[in-house]
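Going down the list, the protein sequences come from chains A and B. When you line the first sequence up against the UniProt record's numbering, it's residues 1 to 428, in that order. When you line the second sequence up against the UniProt record's numbering, it's residues 1 to 329, in that order.
FYI, nobody ran anything at the bench for these hints, they're computed from the structure. We treat Cβ as the ideally placed atom computed from N, Cα and C, and that holds for glycine.
For lysine to any residue, the following SDA-like pairs were computed, each having C-alpha atoms within a straight-line distance of at most 20 Å:
#, chain 1, residue 1, chain 2, residue 2
1, A, Lys313, B, Thr101
2, A, Lys111, A, Thr101
3, A, Lys313, B, Arg107
4, B, Lys212, A, Ser283
5, B, Lys212, B, His196
Simulated restraints on C-beta separations:
#, chain 1, residue 1, chain 2, residue 2, range
6, A, Val384, B, Asn108, 35 to 45 Å
7, B, Ser16, A, Glu408, 29 to 39 Å
8, A, Glu184, B, Gly113, 43 to 53 Å
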Amino acid sequence: MERILIRGGRVIDPSQGLDDNIDILIEDGKIAAYNPTARGDERVIDARGKIVSPGLIDMHVHLREPGHEDDETIATGTRAAVAGGFTSIACCPNTDPPIDTPATVEFVRQKAARDGHCNVYVIACVSKDRKGEELAEIGQLVAVGAVAFSDDGAPVYDPELMRRAFEYCLMFDKPVCNHCEIPELTRNGVMHEGLVSLILGLPGIPAAAESVMVARDIALAEATGGRLHVMHVSTLGSVEAIRRAKARGVRVTAEVTPHHFTLTDESLRAFDSNFKMNPPLRSEEHVKACLEGLRDGTIDVIATDHAPHAKEKKMQELDRAPFGVVGLETALPLVIMRLIKPGILSWSEALAKLTINPARILGIPKGTLQIGADADVTVIDPDVRWMVEPEQLHSKSKNTPFAGWALEGRATVVIVGGVIKYQLGEQA
Amino acid sequence: MDEFQSQLLELRAGWSRRDLLGLEELSAEEIVCILDTAEVFRRAFDQGIKKWSLLTGKTCVNLFFENSTRTRNSFSLAARRLGADVVDFSAATSSLSKGETVVDTARNLEAMGIDAVVVRHSTPGTPHLLAKSLRCSVINAGDGAHEHPTQGLLDILTIRRRLGRVEGLTVALVGDIAHSRTARSNIWGLKKLGAHVIVCGPSTLVSRDWEKLGVEYSYSLDEILPRVDVLNLLRIQFERQTRRPFPSVREYALLYAMNAERLARTKPGILIIAPGPINRGVEVTADVADGEHSAILDQVTNGVAVRMAVLWLLTSAPDQKRSPVKACL
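Working from the sequences, and respecting the hints, build out all of it.
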């Protein structure tokens, strides 16, 4: 395995409060030394003018395999991940069959290892067959490497089941990640319920459909001592509830997606299904609340909810088109443009939400550049400008709401376990 | 005939759109242009001139994915009166039942040499989806609860013909505002022409957000009755509701049905219109629907004139531009 020297970059590692211009040596797949004396046989990566970060972690990705390989495969999804700067991802279990047995967990892990682009961690089902009726065999799933539990794509609806999930996961110290939505309030809904849905005549999804379940889950987590992770937060009410819960010491964490802090429901005026996602794009007040939640630490994580759908599925009437957008390859520039450059988050704060925070929630040994850690590193050019051309994305599906956008910032070199897996402009 | 034709050509000179997707995107001038054009067709009709050769050689397709009687026949008749050929598409017997998408169906029809697609669909935005995919004109004949622009235009034409103006009038839209595409098209059109609009109905069907569109909202028909010049009685769209938003039809009729007793408390010259089909006894009682203040059947006649105007302007005007909708996929 080659020795790699990342030279001249601004190294920002929130896990150890590091923000300094130092050189980093990678040896045998690990972070070996800071400011080493060069031996001369290293492969040198010139990081002058660039940010050197622990490899980014996306804890909310849909790889679609098994079952929906027309949308994405583990190979294409992980390829998209490294192209977006992510060295580790956690994939959701709403596949077909769902990831609710040790065999399906093993399948995903082995396939990901064979494809060899980035680290893939598995979030397994809370309930058997994702039906929301009985707990999945959580202990066995943990034994084969499941890092968290979720029925994402749908909420854990039954409050009794949710309570038992919190209690049962205490044994393994694993979080229950919930897609918070009261289905009776979202029936037929296509977009956020508000002025724009009223004008467009599209059935709405009220903000309360999310925040009511967030409040329920917080109450259950508080009562049981369980660990709640709220997936893709999108409403003011959710952010406020999580903020209050954290202040009380409830074990709750939360994530927000780049599309939710970047776009509003106004986007739907084009009647373009690439703006149809669940939870839906909200109005300005909700976006502001999410930004404030990111700023004050209520929101711990930025995750993409990368949800690929093949073109023929999206190019339908709005009510028939599936929810979801791809996000792995546009997340980092949106963080830079919407959060860092306007001063909402510092580089260190933003990178914490993309590295060490998701690593801690998932309990994985990632998200750090400490000496001896796995050499997962993302080199970022914060100023490079590029245009989002869907056909150029590595994801198998191209359903991005940012087509044609001029973005700033991008991962230029991505190293996973000491191996360069992506270099901007080159086929790694 | 020559006089009418020269008026039509003069009106068409100011037209530049290829599609009619909604009244929200039209300017007041464009709305007036359509109304004035329709007025010419209507006056000609009143003089016995029914048949024109303005669109000879053109083909229009009625692409209706939802049931319709008057709108579909009105568009068919309008196209035929202009001399165009008409293809009627029925969703039930089409390749859609074999899994073909709406866009592919429309593209195939277009490949047969179509000049205009008149589309009705239960999903808002479907005409916009087609406009992004087709080169021919796309006319929205009702997309879910979003817009029904020709209905809005014929309502406004009826008001203008009966009361001589639109500006300064108070027009109340009563009923299922939440699910009404007619309400939305009426609001855009009436507001742009200077009318004051009130939306009125049960609070579960009239949210406060309507105020943000510059209209007044009210839950009480009885309170607004003395102030209105026009009542547009909208049907309860049971088919678009997931759960009935009021306790019973009986209770709805009690609160909102326009009847003789309520009519007695209106302004003397009140005009009553309804987009139809009407549910007698629910939105309006039979005596009012058929009474002297009602222009419900006149609306149907005006509807043909409006659709003739729209078809002619969209498919024959030189220098047309595509509506500014974002490219899809």
